[in-house]
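J.: Note that this note's numbering has the sequence shown beginning at 1, numbered continuously upward.
Honestly, the hints are just simulated from the structure, not real lab data. Backbone N, C-alpha and C define an ideal beta-carbon position, used for all residues, glycine too. Any given hint could turn out to be false.
[As the list claims (entries may be wrong)] Beta-carbon label-pair distances, calculated as ranges: (1) N92 - D50: 16 to 24 Å; (2) N67 - M1: 20 to 28 Å; (3) W85 - I48: 29 to 37 Å; (4) L25 - N71: 14 to 22 Å.
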Amino acid sequence: MSNVQNHIILQEIVNNEIRSMNETLININFFLKEILEKSNNDDDNNIIIDKYCCQKESIERLLEEKNAIHNDVENYLRKNCKHSWISDLVDNMSVSQEPTRVYYCNYCGLYK
Numbered sequence: 001m002s003n004v005q006n007h008i009i010l011q012e013i014v015n016n017e018i019r020s021m022n023e024t025l026i027n028i029n030f031f032l033k034e035i036l037e038k039s040n041n042d043d044d045n046n047i048i049i050d051k052y053c054c055q056k057e058s059i060e061r062l063l064e065e066k067n068a069i070h071n072d073v074e075n076y077l078r079k080n081c082k083h084s085w086i087s088d089l090v091d092n093m094s095v096s097q098e099p100t101r102v103y104y105c106n107y108c109g110l111y112k
């Protein structure tokens, strides 16, 4: 496998990890909101809940690192992929707007 192919695979893996971590943060934030609204003082439950919620900072730091890796991979692919650009039309959600033309690489998936 070439370096470009390795980076394409890495890009897909990192994108999936970022998506998963964002979803986890949404769940933690939703849970925290629910807890604050329905707070009680059960110390045993609070310890368990605290353990769960303490993950948030670690996930946020890891998410920053994953985003930096994503940017590095994207820059690598922009410079090193032998792009084959494909034109496509993307429908807008608004009925009053015309579809938008986008260009993406058939190999690495980057948009221009």
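J.: Of the hints stated earlier, which fail here?
T.: 1, 3
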